[in-house]
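J.: Use these hints to put chain B onto chain A, whose structure you have.
Which chain is which? The protein sequence lines are A and B, in order. Each residue of the first sequence is one higher than the one before, counting from 1 in the working numbering. Each residue of the second sequence is one higher than the one before, counting from 1 in the working numbering.
Fair warning: there could be bad hints in the mix.
[As the list claims (entries may be wrong)] Some, not all, of what chain A presents toward chain B, calculated at C-beta under 10 Å:
{"#": "1", "residue": "Val27"}
{"#": "2", "residue": "Ala96"}
{"#": "3", "residue": "Pro99"}
[Claimed, not checked] Anything over 12 Å on all C-beta distances counts as not near chain B; from chain A, calculated:
{"#": "4", "residue": "Arg6"}
{"#": "5", "residue": "Arg54"}
{"#": "6", "residue": "Arg70"}
{"#": "7", "residue": "Glu110"}
{"#": "8", "residue": "Pro111"}
{"#": "9", "residue": "Asp112"}
{"#": "10", "residue": "Arg117"}
{"#": "11", "residue": "Ser127"}
{"#": "12", "residue": "Ile133"}
{"#": "13", "residue": "Ala134"}
{"#": "14", "residue": "Glu135"}
It should be emphasised that the hints constitute simulated quantities derived from the structure, not laboratory data. Each residue gets a CB set at the ideal place from its N, CA and C atoms; glycine is no exception.
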Amino acid sequence: MLRISRALIDQVIAHARADHPDEACGVIAGQAGSDQPVRFIPMLNAERSPTFYRFDSMEQLAVWREMDDRDEEPVVIYHSHTATEAYPSRTDVSYASEPGAHYLLVSTREPDETEVRSYRITDGLVSEEGVEIAE
Amino acid sequence: MAIEVRIPTILRPLTGGEKAVEGSGGTLDELLIDLDSRHSGLRARLVDDSGLRRFVNVYLNDEDVRFLGGLGTQVKDGDTVTVLPAVAGG
Chain A
1 MLRISRALID QVIAHARADH PDEACGVIAG QAGSDQPVRF IPMLNAERSP TFYRFDSMEQ
61 LAVWREMDDR DEEPVVIYHS HTATEAYPSR TDVSYASEPG AHYLLVSTRE PDETEVRSYR
121 ITDGLVSEEG VEIAE
Chain B
1 MAIEVRIPTI LRPLTGGEKA VEGSGGTLDE LLIDLDSRHS GLRARLVDDS GLRRFVNVYL
61 NDEDVRFLGG LGTQVKDGDT VTVLPAVAGG
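If we strip away everything but chain A, and leave its shape as in the complex, we get (with noise of 0.2 Å):
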């Protein structure tokens, strides 16, 4: 199950909006341990792809240094497919290797409605999980 504010989610479906039609990707922070997600942080989509996203490894490198610094995690991997629903792709399984992160996928391929879902990924396996949005 994940938690999460109606303000992130909300930020997170914002920035797919505003990529639409390429992919966008980004991290919710929190605090190691808690599974919390508390701090947004868009990231650069270095394939400005339709079908393909990567975190700039650069932008990564000191994304993940300030987390480090913070006692952070990546509690939340989010992207978003724009012509698809919102489920992992085989390219997504492949790569997933944050076996503690939520993966929170978001659908625009409506353009009035936003499928929003979150998955764990781990050694190749695919659960999904209920999403809990506090109002």
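T.: Frame of chain A; chain B shown alone:
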């Protein structure tokens, strides 16, 4: 002095849970071979037949080694090597 290598969560089972380990070598390739002698399996998670794996980012101090010399990048005592999983997908 040695070279500090920072290890991401997903690879810590190979380092007995340690966040950072130390090694030596004149190039990144030699350093990874040295580390693998004490942390068996670590090198294979970072390197395949064609070089550094696409799934990982390796940094020497503040630079991505892909923009330096890849596995041939020169390293020396006092350097810090950071390994991060690439965050990517489709």
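J.: Any hints from earlier that this structure breaks? Give me their numbers in increasing order, please.
T.: 5
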